[in-house]
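Visitor: Using the sequences and the accompanying hints, generate a full structural model.
Just so you know, the sequences run in chain order U, F, G and P.
The opening residue of the first sequence carries number 1 in this note's numbering; numbering runs sequentially from there.
The opening residue of the second sequence carries number 1 in this note's numbering; numbering runs sequentially from there.
The opening residue of the third sequence carries number 1 in this note's numbering; numbering runs sequentially from there.
The opening residue of the fourth sequence carries number 1 in this note's numbering; numbering runs sequentially from there.
Don't read these hints as lab results, they were simulated from the structure.
Possibly wrong hints are sitting among the right ones.
[Stated by the list, open to error] Simulated DEER-style distance windows between Cβ atoms:
1. GLY238/G x HIS310/P: 24 to 32 angstroms
2. ARG295/G x GLN65/U: 54 to 62 angstroms
3. ARG73/U x MET288/F: 45 to 53 angstroms
4. SER147/U x GLY77/G: 47 to 55 angstroms
5. ARG73/U x ASP192/P: 56 to 64 angstroms
6. ALA155/F x ASP37/G: 47 to 55 angstroms
Computed from a predicted model, the values in this text were never measured in an experiment.
Glycine included, each C-beta is placed from N, C-alpha and C at the ideal position.
What follows is the residue order along each chain.
Protein chains: 4
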Amino acid sequence: MANSLLCETTRGVFIISPTPFDDGGAVDRESLDSLVDFYLEAGVNGITVLGILGEAQKLSAVERQDVMTQVIRRVAGRAQVVVGASAPGTDNLVSFGRQAMDRGAAGLMIAPVSGLKTDDQIYGYWARVLEQLGPDVPVCYQDFPQSTNVVTSVAVLNRLIDNFGNLVMLKHEECPGLTKITALRQGTENGDHRRVSILVGNGGLYLPQELRRGADGAMTGFGYPEMLVQVCQKFFAGKVEQAEDLFDTYLPVLRHEQQPGFGLAIRKEILRRRGAIRTATLRHPGPMLTACDHRELDSLLARLNVRLGH
Amino acid sequence: MANSLLCETTRGVFIISPTPFDDGGAVDRESLDSLVDFYLEAGVNGITVLGILGEAQKLSAVERQDVMTQVIRRVAGRAQVVVGASAPGTDNLVSFGRQAMDRGAAGLMIAPVSGLKTDDQIYGYWARVLEQLGPDVPVCYQDFPQSTNVVTSVAVLNRLIDNFGNLVMLKHEECPGLTKITALRQGTENGDHRRVSILVGNGGLYLPQELRRGADGAMTGFGYPEMLVQVCQKFFAGKVEQAEDLFDTYLPVLRHEQQPGFGLAIRKEILRRRGAIRTATLRHPGPMLTACDHRELDSLLARLNVRLGH
Amino acid sequence: MANSLLCETTRGVFIISPTPFDDGGAVDRESLDSLVDFYLEAGVNGITVLGILGEAQKLSAVERQDVMTQVIRRVAGRAQVVVGASAPGTDNLVSFGRQAMDRGAAGLMIAPVSGLKTDDQIYGYWARVLEQLGPDVPVCYQDFPQSTNVVTSVAVLNRLIDNFGNLVMLKHEECPGLTKITALRQGTENGDHRRVSILVGNGGLYLPQELRRGADGAMTGFGYPEMLVQVCQKFFAGKVEQAEDLFDTYLPVLRHEQQPGFGLAIRKEILRRRGAIRTATLRHPGPMLTACDHRELDSLLARLNVRLGH
Amino acid sequence: MANSLLCETTRGVFIISPTPFDDGGAVDRESLDSLVDFYLEAGVNGITVLGILGEAQKLSAVERQDVMTQVIRRVAGRAQVVVGASAPGTDNLVSFGRQAMDRGAAGLMIAPVSGLKTDDQIYGYWARVLEQLGPDVPVCYQDFPQSTNVVTSVAVLNRLIDNFGNLVMLKHEECPGLTKITALRQGTENGDHRRVSILVGNGGLYLPQELRRGADGAMTGFGYPEMLVQVCQKFFAGKVEQAEDLFDTYLPVLRHEQQPGFGLAIRKEILRRRGAIRTATLRHPGPMLTACDHRELDSLLARLNVRLGH
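Guide: So this is what it looks like as structure tokens:
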């Protein structure tokens with residue numbers, strides 16, 4: 001599986017990985033290894049590095065290279081590694097993206113630059129990016145207007161799907177966005193458009209509904225990745241209500257972790273408590289948990305453990 | 001209780017009421033009465049009309065007057081009625097607000113105009129509004145930056161609390177915002193600032209955590225207002241974990257209804273299915289449920305009924 | 001000319017009229033008459049009332065009716081009157097718009113509600129509005145993304161032009177937007193799309209360039225409307241460079257008046273100094289000139305007078 | 001002057017330098033040298049590299065180092081070089097900023113990260129940045145909310161000025177912002193706050209007014225830097241009206257070049273036509289001039305030459 005690539009039928013859970021730092025703020029390479037192991041044990045199908053919640057924008061160019069290389073090496077073919085390659089300049093995006101592919105990435109996750117407004121502006125940007133990357137580089141479109149301010153219509157997505165074979169996956173995060181999944185799937189069922197893989201984001205906040213509407217899984221982060229994995233597995237095994245029951249058990253914590261702009265601090269703390277990383281700090285500027293936040297989390301996790309029968 | 005006013009110790013659930021329309025798009029006065037009855041039976045302490053989710057901005061001036069008058073009359077003193085009075089111009093805000101008070105409102109809910117950025121700009125706007133309304137008009141500050149783009153610091157809130165006795169309540173909706181509640185309560189506990197009532201919004205998505213941090217209840221909408229009421233009652237009776245258990249039971253539906261910009265269509269449909277209103281339509285422009293949305297809601301509500309043992 | 005309507009060949013200057021208030025904040029009806037007279041003497045082809053810079057959003061429903069009625073009556077057919085009818089709700093937009101037409105408006109100026117993002121969302125909104133207004137109501141599309149956050153592509157405009165005969169005019173204010181004028185005019189020259197009138201906004205900051213690209217004039221405000229009128233007249237008489245010379249003479253003042261969010265205070269003060277209105281105040285919330293602002297304006301206007309040879 | 005640093009009394013014109021690219025999109029090192037020479041001949045006091053309009057965000061880390069190094073070397077002490085060091089992560093900002101100072105920069109230009117809203121959030125961010133850089137690194141605060149969405153009050157600026165001696169300069173670009181200059185200068189005249197240098201941006205669109213209010217010059221770009229230089233020199237020599245006369249002569253072109261998000265393409269083309277650089281292209285994504293844009297520029301520059309008597 002080492003060099004397998006993302007494709008239109010890719011399914012399952014691609015976990016968005018945070019970047020662990022030590023107390024001095026350096027990338028904690030030991031924790032990065034243990035975090036990869038933690039994710040693999042949870043059964044994820046892939047690991048996505050250098051996303052927004054991986055604090056990629058706060059890493060230096062060298063650090064980005066190092067994180068990507070280390071994760072790909074540690075994973076050692078046991079899962080696919082997707083590399084975040086969004087960049088303000090297209091040339092840098094492409095050269096970094098090609099490096100990532102050369103080192104063994106399964107594909108690139110790219111969000112459009114902010115400032116694109118009309119359908120034609122969005123299409124034009126992507127046409128250039130997809131063309132310059134070339135047909136051999138599989139791309140996952142991060143559709144996350146809450147962060148980029150770029151709202152992509154189904155019409156634009158379908159134009160891109162029709163014209164660029166290397167657009168193979170949508171990281172679906174527009175919210176509300178349930179109807180968008182349905183519209184994309186109908187375009188395929190009608191025979192009008194090629195199918196692409198749809199993995200959902202937003203911490204999985206609507207995962208059961210999204211799976212029912214045709215999503216192939218999730219590309220998102222959560223302190224309990226095993227839940228995402230099992231929900232998808234149960235769902236694809238036809239145990240739809242059981243999948244949702246499991247999801248609902250974790251929902252109070254998931255909703256807490258999904259607070260915009262703050263959730264990453266909670267996620268890292270959960271990962272720290274679970275032994276996946278050694279330190280929960282974010283790089284500046286970023287939120288920090290107070291003593292009150294910690295006690296609140298104690299209470300929420302204790303409640304989860306009761307519900308899980310732990 | 002008829003003419004009682006909002007005050008710093010007001011507690012409980014103030015339900016944000018939608019405005020029901022008939023198939024032709026007119027305000028459905030019969031449904032407005034039945035909706036009030038439905039809320040009173042659920043045990044709410046207050047009803048807030050003419051908020052953003054009451055589609056106030058799509059009502060004519062005459063309709064706003066009529067809705068407010070009818071609800072106050074129907075409630076007939078069995079709960080407090082808060083009237084949304086936000087307006088782009090301060091003079092109109094004040095004259096409408098005074099009318100509302102004259103007709104029996106318990107207070108006004110006001111969100112700042114968008115475009116205010118710095119602490120001094122925000123303070124200056126409110127100083128003018130609170131002064132012009134006068135000391136006898138109790139005001140609930142709708143702190144909802146997701147809609148207004150105005151982010152109000154704790155420092156500004158405390159300056160306003162210190163200087164304007166008619167600011168008696170905060171409708172807390174900044175998200176993430178748990179720390180803000182704690183900071184405000186500490187200001188009171190330290191003896192530095194007057195206490196105000198804090199009711200939370202955002203559909204109650206974080207209600208148990210917010211109550212634990214010192215909130216006095218909720219001023220928000222939800223298709224199952226009785227849950228909000230019971231969670232608050234249990235919490236204030238010291239049954240904290242039971243309150244949260246009940247909340248968690250409804251959380252899958254609450255999260256679904258809380259989709260930004262879309263949730264009101266779901267909320268109205270739930271209210272329709274429960275017999276509270278006759279028609280679920282919103283005025284244009286506004287979202288409309290598809291057949292697929294309806295089936296999804298069927299499934300979510302069926303799951304809720306199972307969990308409730310219905 | 002009294003009841004003549006806007007059409008695809010409408011040309012010249014439609015001045016965006018502020019609403020004058022007296023010191024107490026009431027609409028100053030006497031100043032409204034003198035302002036109309038001032039504009040007619042300047043030679044404008046039309047007057048547009050109840051726009052954003054007419055502080056329409058800070059007027060009550062009754063005041064909006066009164067302002068529109070008074071201006072139409074005072075103009076008495078000597079120019080066309082366009083009425084701003086933008087509203088958050090489509091039903092109110094339509095009923096107010098029809099009233100305006102009944103009272104003698106030449107057409108409606110409408111800006112889309114904010115929140116529309118994709119091409120289809122924008123088209124869908126307008127399709128509903130234009131259909132509901134009906135084929136007999138000529139509409140001017142206020143294309144002003146700096147205020148509405150709605151960016152309308154040439155493709156969407158052309159779809160609307162093709163499908164709705166009552167869309168007869170574009171108030172062009174996207175900035176940068178020179179290319180947009182050229183693209184629209186090429187669509188007409190190619191025979192692909194109906195011609196519409198294009199009047200430009202932004203205080204006329206790019207007026208000579210816009211006329212050269214095919215604009216039909218300006219629909220904007222400026223303390224010296226006679227300049228806008230003469231520039232257009234000279235331009236259409238073929239005296240292109242003379243038109244631009246005249247424009248450049250006023251450009252230092254025009255640029256000063258065009259400061260976003262502040263310029264209306266300057267414009268009203270210029271109008272006051274010129275005797276067009278009695279008081280320069282805006283309604284709250286709005287900017288107010290300081291003593292320093294006044295001295296600065298003294299200096300700029302003195303320089304203008306020198307250049308004009310006064 | 002080679003290693004002189006920015007300070008509170010720095011005065012004159014610091015030109016914001018674009019980054020020239022060749023037809024293949026690589027940094028054009030030959031043009032970078034000729035551009036530096038062009039600026040020095042125009043008499044600028046400083047050159048600012050790696051700003052937003054230097055397309056810094058589209059350069060790789062290595063390219064940023066190279067551009068900075070080359071410009072500092074070419075300038076060879078004949079002017080000060082300010083280096084743009086804004087970055088999403090504070091650690092990278094600081095390490096890059098220190099490198100720049102080690103190589104001979106006179107100071108750093110920094111804009112705050114977007115997402116900061118309240119006074120305390122903005123102050124807190126800057127306190128960390130200024131502290132981490134240390135007292136020996138002079139900082140120019142780029143106050144440009146049109147790009148960053150961060151609106152900084154005079155109160156916050158004064159708190160920072162009082163507490164951090166290394167904040168020595170404000171690049172003033174808030175618009176409208178004339179009152180802000182006056183308020184800052186009054187704080188100094190009253191003896192309440194340390195004086196800092198204020199250089200203005202926005203292409204110099206309001207330069208004469210800003211100088212009259214106490215600005216020390218401009219830190220901005222324009223295809224005719226000699227105008228900015230001469231306006232400042234005349235102004236500081238007491239020839240205030242002559243300074244403004246000269247400014248007004250260039251204003252039609254300046255206003256054209258100042259179109260937001262598009263002006264850089266015009267600026268580069270003017271620099272190309274004047275022989276300062278060989279190629280006018282921007283990196284993708286970025287605007288490109290059409291044939292129509294070129295003809296329009298022909299006309300505007302011809303008019304300028306007539307007015308200059310060339």
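Visitor: Are the hints correct? Go through all of them and say.
Guide: Here is what the structure says about each hint:
1. For GLY238/G and HIS310/P, the hinted distance range of 24 to 32 angstroms is satisfied, since their beta carbons lie about 26 angstroms from each other.
2. At about 58 angstroms, the beta-carbon gap between ARG295/G and GLN65/U stays in the expected band of 54 to 62 angstroms.
3. Range check, ARG73/U to MET288/F: about 51 angstroms between beta-carbon atoms, so the 45 to 53 angstroms window is met.
4. A C-beta distance of roughly 54 angstroms is found between SER147/U and GLY77/G, which places it inside the suggested range of 47 to 55 angstroms.
5. At roughly 58 angstroms, the beta-carbon separation of ARG73/U and ASP192/P lies within the given 56 to 64 angstroms, and the hint holds.
6. About 50 angstroms separates the C-beta atoms of ALA155/F and ASP37/G, a value consistent with the hinted range of 47 to 55 angstroms.
Checked against the numbered hints given earlier, this structure breaks none of them.
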